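Chains A and B, in that order, give the protein sequences.
Take the first sequence: its position 234, counting from 1, is numbered 234 in this note's numbering, and each next residue is one higher.
Count along the second sequence starting at 1, add 1000, and that's the number in this note's numbering.
Rather than coming from a laboratory, the hints here were simulated on the basis of the structure.
Quick caveat, the model's predicted, so the values are computed rather than measured.
Ideal placement from N, C-alpha and C gives every residue a C-beta, glycine not left out.
There may be inaccurate statements among the hints.
Away from chain B, derived, C-beta distances all over 10 Å, residues of chain A [what the hints assert, rightly or not]:
#1 A121
#2 G151
#3 F260
#4 E334
Covered stretches of chain B, as calculated for chain A (at least 3 residues, CB under 8 Å) [as the list claims (entries may be wrong)]:
#5 1114-1125
#6 1146-1158
#7 1198-1206
#8 1268-1277
Chain by chain, the residues:
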Amino acid sequence: MESFLGNGAARWARAGAVVVTIGLLSGCAVGTGGADDGGAEYDAQSDLSGELQVMGISISDDVAEARYEHTTQGLGDEVEVDLIEGDLNIQQLLSAVAAGDPPDVIYVNRDQVGSLAGRGALVPLESCIDGEQIDMEQYRESAIDQVTLDGAVYGIPEFNQVQLAMANADLLGAEGLEVSDVDGSDWEALTAADAALARDDDGVEVIGVDPKLPDFFPLWAKANGADLISADGREANLDDPAVVEALEFTTALYEAHGGFGAIKAKRDAADFFGEGNQFAAGELGAMPMEQWYLNVLNDVTPDAPMAFATMKTREGDPIAFTGGSAWAIPAGGENAAAACRWAKLMTGVDAWMAAADARAQTRADEGKPFTGLITGNEIADEQIRGMTEDAGDVWSDGIRAAYEANEASFSLPANPADNEFKQIYLDAVNRVLDGRATPQESLEQGQSEAQAALDEAWEVVEENR
Amino acid sequence: MTAVAARRDGSAALRPGQRHARRRELWAGLAFLSPWILGFAIFTVWPLINSLYISLTDYDVVNDPTFVGTANYEQLFADPKIATALSNTLWLALLQVPTHVVVALLLALLLNQAGRSSAFFRTLFYLPKMTPAVAIGVLFLLMFNGQEGVINQGLAAIGIDGPSWTTDAFWVKPGLVLMGLFSVGSAVIILLAALRGVPDELLEAARLDGAGPVRRTLSVTVPLISPVLFFLVVINTIDSIQTFTEAYTAFGGAGRTAYGNEGALFYVVYLFQQGFEFFNMGFASAMAWVLFLVILVITGIQLLVSKRFVYYEAERA
């Protein structure tokens, strides 16, 4: 029987099938793996040259511009900086690493460093730190913890984010309350304050105290004396009684006022960044919130009746759950020496001071107070704090609280299952918020899922050693 | 016909000259098609084959894939989240497909009666289709906000206490189905074209026989446009099962929201999470192939059922 394609075409078809089969088998060789910096020589005194591809940062404001300028000057004229602007796209990065064509340096969230390092996508920075003589003592310990996997540092910390207790002073005053009643130092007082502040007879009109779950659950657990994960990032601790108690306490705040659904709907409907924000509108008593929101409130509603304090442990000590950014060097980059110096310069005291000067000038031009910059660099923070104006008003209280919170910050240590671990504890909290499980049940389920994810990820790290 | 000679098996044989001409035509056709064939082979067929291979490996994008046989498929069937995601997805499809098709049909029937203003309404109905899916996801959160959303405010105006559409796992799917009606315009246009093809004489005959508008629609119009309705059912089923963007924008963390409702954990959302957030590409590829099989089975069942309900005029002729 004659083939539809004829004999010649059939031969071509057979050849095509062979090509596809070879291609299929060659699929086994996808990826390069390894954490290689190409034998880069790091030397603080050396002159650098070549192209430096920087991924994940946008030079979009005065702070970024000042540091960028400082850093490019420090790199010298022979280094040609190529910015790949926009947020870091992890898929794009990993594909580039696998293809052997990664950028030279990346701007990454610190809570992603463990996952990337565990897969061999980042270069350990010991040689970079030694060669460029980077003073690691200047960086905050909590920030370093987030970029240290299995004893090796994979990122140089940059910005920090910390939470403050933010409250509506008028609502507090009307109920005879102080900000200390809602800062977490006394859970009974906080529950009572929540009950006094909330107005929910006809739907949620005023939220009393929003503990901001699920986002800030690690803060409440730590305030109760428990870590969600061990310091070495190997053991999950989600079913610790203190963790369970923290979840019971915070979810009860929602349950007392119609449940999380109603509170979240009220939260979602708010004009968060505008003049109708919940504090200005008198719709929220208090909540823990990251320090950058202080700037937003000061910008859009400078006359809002605010009160600020650090969040506290149940022992009354300041506490904050820190997150932030870092600079890291992907495996296989072509200019690791310049990448290392870039990371050093961008996070150094001089760059931060240039940024602070620029921001203070911008604020002065706008007739607004300079509220400081919160960084992962302790020395820079101390110097910048001195530049902030202490006008003795509520905003100065907020700035002071932000710096105190930064001093007392903790982080979840890096682990090779960073993303999975975060999703698992968020899922555990969400199950309770949705009423699908009790805190005990949900955290027990989360514990077994988290430990399995950690074990599997650490196994890969061990294999890649 | 003189150019062809009858063969013993009844098929027509070609003369050598004609066979040569046909082969030349075939190669010319293939040459013209080659840009598409090449693109299809490189960007569709090859990734398809490669994903089947990757589904049999442990692959994190950075390191070389390690062959693990059927381990990903075994893990997939043991993962309780797969069952949740599949169940959510099938429920959504079960709600969404009939709602979408019925609403589209009703709008098309109205448009068919609209006369000269039909063009204006056609444009009006189709415009929302141009809205990006991400924007629809954000709109969903605003419109269906349990406290101050426009939907619940409307319900409150008629004395109904609206549900928590965005946080109650039970109401998330009906909310998404209602939001999906925002983009029903393309189905309306397709159905309107089908309605224009229904012969007037059949409708007239039914009317003379005493059939009212509803009877004429159900007994004449719907059977005659049943192939188009069937097409829409198949396409919408596949589309519903692949629900991703709106749900991911609203609940899945696209806006870095930490809250995620399990009622909105759809299959492709979980697939994306596994592949592109946790970098379990092997597992995600296995999920993709299982989804392919699920869609294949459902479409097969629909084809079988269609033989009973779909009227093809050409076949009858």
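### Query
Which numbered hints are broken by the structure, listed smallest first?
Violated hints (numbers, rising): 1, 3, 5, 7; every other hint is consistent with the structure.
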